[in-house]
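Number of protein chains: 4
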Amino acid sequence: MASACLEGLKPIFKTKSHVVIYPASGTGAWEAALVNTLSPGDRVVIFDSGQFASLWSKMAANLTLKVDAIPGDWRRGADPAALRAKLDQDPQHEIKAVMVVHNETSTGVKSNIAAIRRTLDDAKHPALLLVDTISSLVSMDYRQDEWGVDVTVCGSQKGLMLPPGLSFNAISGKALAASKNSRLPKSYWRWEEMLEPNRKGFFPYTPSTNLLFGLREALTMIEEEGLDNIFKRHDRHGEATRRAVRAWGLEVFAQCPDEFSSSLTAVLVPNGFNEADLRAVVLRKFNMSLGAGLGKVAGKVFRIGHLGYFNDLMLAGTLCGVEMGLELAGVHHQTGGVTAALAYLTDQAQS
Amino acid sequence: MASACLEGLKPIFKTKSHVVIYPASGTGAWEAALVNTLSPGDRVVIFDSGQFASLWSKMAANLTLKVDAIPGDWRRGADPAALRAKLDQDPQHEIKAVMVVHNETSTGVKSNIAAIRRTLDDAKHPALLLVDTISSLVSMDYRQDEWGVDVTVCGSQKGLMLPPGLSFNAISGKALAASKNSRLPKSYWRWEEMLEPNRKGFFPYTPSTNLLFGLREALTMIEEEGLDNIFKRHDRHGEATRRAVRAWGLEVFAQCPDEFSSSLTAVLVPNGFNEADLRAVVLRKFNMSLGAGLGKVAGKVFRIGHLGYFNDLMLAGTLCGVEMGLELAGVHHQTGGVTAALAYLTDQAQS
Amino acid sequence: MASACLEGLKPIFKTKSHVVIYPASGTGAWEAALVNTLSPGDRVVIFDSGQFASLWSKMAANLTLKVDAIPGDWRRGADPAALRAKLDQDPQHEIKAVMVVHNETSTGVKSNIAAIRRTLDDAKHPALLLVDTISSLVSMDYRQDEWGVDVTVCGSQKGLMLPPGLSFNAISGKALAASKNSRLPKSYWRWEEMLEPNRKGFFPYTPSTNLLFGLREALTMIEEEGLDNIFKRHDRHGEATRRAVRAWGLEVFAQCPDEFSSSLTAVLVPNGFNEADLRAVVLRKFNMSLGAGLGKVAGKVFRIGHLGYFNDLMLAGTLCGVEMGLELAGVHHQTGGVTAALAYLTDQAQS
Amino acid sequence: MASACLEGLKPIFKTKSHVVIYPASGTGAWEAALVNTLSPGDRVVIFDSGQFASLWSKMAANLTLKVDAIPGDWRRGADPAALRAKLDQDPQHEIKAVMVVHNETSTGVKSNIAAIRRTLDDAKHPALLLVDTISSLVSMDYRQDEWGVDVTVCGSQKGLMLPPGLSFNAISGKALAASKNSRLPKSYWRWEEMLEPNRKGFFPYTPSTNLLFGLREALTMIEEEGLDNIFKRHDRHGEATRRAVRAWGLEVFAQCPDEFSSSLTAVLVPNGFNEADLRAVVLRKFNMSLGAGLGKVAGKVFRIGHLGYFNDLMLAGTLCGVEMGLELAGVHHQTGGVTAALAYLTDQAQS
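Residue numbers (this note's numbering), protein chains in the order written: chain A, 2 to 352; chain B, 2 to 352; chain C, 2 to 352; chain D, 2 to 352.
So here's chain A without its partners, still in its complex pose (with noise of 0.2 Å):
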């Protein structure tokens, strides 16, 4: 079962070398990441682009790593014109790695992984590329290989419809590489003493073993659903969600078309207004539990989770919740928000 988990997962991540798996949250992937690419005191660039990237970073500088943040408003994606400039900025190649997050679990805003790439390749920059997949991963396009990713991190709870408690590292040729020189103490994480047993089909301690049944049965579901079909499903609920957040004449928290989530959707409240307040008044009253806002936007944007196995009635169930819930909590909206995304809905359906 093992190899049936370790290599079902390569066309997921699209990548042709190695996928690791480990018995811990997603968190525990982020810090494999670091541990085994990285040496104490080692430069890393990361976009601060929401409260996921803020915490990757806080965790890095916990092990001892010199993070050097690029700021960010929250409401973009990562900028590769900010990342040049670090670039050129580092002739010495001090800077080891640049952390993404490629979907803002805490702003629905995807960064351009690829663009990233090519700004590292312009710039001759030898820096590892490390991204968090954790709520993009069998939601959106993700391509390990092609866009040249160092390490992926990922994790079992949301695109893979899993209960949380696995997590999982894509790793390069590169970073497997770079991991031989890497200084950071590591055991529980340490690649070379999973992907040894890996090889036979073992793990090198207990692995979850209820939740790697699952993930063989739903890398089975995955396949039958086709990926690009599952693509497809999430950018439908991720545009009907934005066209009913207009409808009610508020505003999605992220701001270029292009970067917009499919797996999930922020919404800024009008001033004056606490989005807890809000969420407090869809569970009371509708026992669904809406994404807070995190961080520096807590109080100020709320979120809509539309991904893993989830259907279109089930988006129009929680859009219905929301759309109670701004009339209830007296925020101040239009209706009409659920007709907009039934309208799209039925039109995608027609097609």
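Everything labelled a hint here was simulated from the structure, so no lab data went into it. Any given hint might turn out to be false.
For identical chains, the list gives no copy identity; a pair is met inside one copy or between any two copies.
As the list claims (entries may be wrong) - Under the rule of at most 25 Å between Cα atoms (straight-line distance), these lysine to aspartate or glutamate pairs were calculated in the DMTMM-like manner: (1) K67 x D89; (2) K87 x D69; (3) K297 x E193; (4) K297 x E194.
Keep in mind that this is a model prediction, so the values were computed, not measured.
Fit chains B, C and D to the supplied structure of chain A, relying on the hints for placement.
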């Protein structure tokens, strides 16, 4: 556990008398109600109020009973006046039982059981009153003892939120007395052989053990929410659905407001349109099964279920699926059904 | 799924004819076999071979049949010679059916169905042959068509390894023809109303859906292990158990080696000892339920089940529980039962 | 639920201090114990008492600690005198921690933690005491506070009867204080970031939610049976197993009676025989997995587990499988092991 289930069911039926549990679907409990109380050739009156009444009627004929059906157009519930006419023409008390479906699953029309009881009482007619509550129990108010019902028939898979496979008879003292003289051959369904071991917590033959564990849990869940709250929830969903239907410009099949079902709503499709086409589209595009038109309303009526383990957002999603389906299937209608339902649900949530 | 289950059951019964599935326990399928083929007052012959034969006999009487029981001491199976005598005294063919329990769950005695068939044939008697295989099907060889059985009765919770709640009739062409003239009132059990919708993959009323999913999986498991391997496994467990019993100095209730059951073994306790005391000790100390002595062997016989999803070590653990229970309960016996069983199992594993 | 789990674990560890829960397997909790308390290059002493001690030792080295192993032949537990010698040679208190495996899963040898504590106290040495209880907690008596343990490491899949995927640190005040000065890089495992949100019932990152529900139920089950009863049950199974082993003429690997494990028993196979062959036969013939000989006892020792959700008859079945396997695999032995175990279990059941 047998005792917990048997005792726990009594407040559900609002009876202090006996309840028996069959390892069988609801149809089996129909048969039990008849074979325990009647004798070959006995005359029974049944209101032809829908497809399930019609199937129960056919069962009675299969069992060699003389069935005297009170015809109906299925859009109205059992008519006490029509029953009174029958009773008045039966001075010899040849009619041994009156069979009523409390809530017709095929039409969404509820019958007034208390009124039927009063009619029998007013006519001083001793016929037994047998009531099917398969799609009403735990969804709409029901009172075995107060309404003088002699045998109530129910199943596990609707208001009780379980898989199909258990069914029930709640039995009045009068029904139990009648069973002593009943001459329809019976063994599996024979009350007396059930009641005796039940007293000690046993069953006369292998029960559906796994479903009994589920039943015990369902009874706990019902107690936690409270029967009256459950009824209010179903009433709210019924009204929200009807508002959607009217906003679509369609017609609720049930004609009389005090007969509207709270557990499902049947909807007439416009002339020239076959409801099967609507259901096919909704199933294919949204993976939602609507109820088919059954028997004489096949092609004309589709049904929206809103009962059991169900909440406002599930209903909202359901109505969204119907609204989109109407559009996709080309059924002549107006939009605004979902909007109307949400307005009502929002209003109810406010209070 | 209906078709997968219905077709998949045929090789289990070794029939090319019809199989129907009831949402009911095995007792329901007993009733179905009778009410579909017989008419009020019909004479049936049944071998009084144990408690379940006796219950089936009582059911037949309940259903107004005239029951002609062939007495027995329960330690032997159905006696073809005794049947021949009955048949010879019935030149008018008043006997309409012969009822046999293939494997008596109360005694662990198996009857020779092929011999019963030959007896009917030799006597040129047209009575139907109705056989209960509740505790034999998928555990011991059974051949509906080859043995000329007219109705086979079975349930889900033994050889089929499912929870209780489904039961079956396998129906010969002759039985189906008889059903056209049968006058026992019936509706829930009526074959013709089952077979018609079954042809299109439907059921006439709500089936036990969840159990049908289980049945489909059970049929797959049976196919994977192979019926013949399953029979060998049960034979091995039966023999191992009997060797243990003899080593304990106790007596296997079944007297005739070719009638030993492979799915359970009933054991006589020494005079002066009540088997209920043994069972109570084993339940209290080891959380294991042994089968009680039923009917006329209550107090004298306890039963060890070894069927269904069961393997050598489960049997070994079971026998250990019995051996310790015998000691704890003070039943006069010799040790060595487990040792004898293990010797046999080891020997069998070697080959 | 977080609080129910966190508070509920304290009596299990017999501590009033802190417990943290990681979404990780036990190996992760090993790492957490080290990285939270120690700094790069710190010297740690570990008893080389078995394969898991050896793996933990390797982990410490991986994490840049200077590992000072006290050698052992694996048949004895941690030797306080050997520790005392180490401590006496360390007047500068360079040794920062002493690592002990309470119950070696690879050998079935238990170490005396209280004696280790006394040794540290007697030597007035401030080293932290870190203890692995992965295969002992909830199976054998363990007392975090009374024995002065600083960090206890455990996992979910043994005494706690859950699937693998959760692991734990129970943390003394002294360990918590040490963590303030610890300089090993850490983030995922960092106690302070766990304890802060834990106080409010949260986790710093996604927990293994489903396993937490299981943990809550496991804690209820443990409370129902009672810790002392659970220990007695494990003691009984350990003794019964050892009696079987001796009756087979084989040798229990653990040499010292007060170090016998109650959760598993390792057994030496006779010279010239490879335990892998025995395990292969038992797996193939009886579908039972025995534990392999690990590390330096590979080929020489096999292991019988008897812990967690386990009862007398499961143990009996297990021993039957071993006894038959010994015969089938041609391991030189005497029969009678099962008989000896049953005699003991019977005797214990009597009292």
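The hints, checked one at a time:
no. : hint        : result
1   : K67 x D89   : within (18 Å within a copy, 41 Å between copies)
2   : K87 x D69   : within (9 Å within a copy, 45 Å between copies)
3   : K297 x E193 : between (38 Å within a copy, 22 Å between copies)
4   : K297 x E194 : between (39 Å within a copy, 19 Å between copies)
Figure legend: structure checked against the earlier numbered hints; every hint is met.
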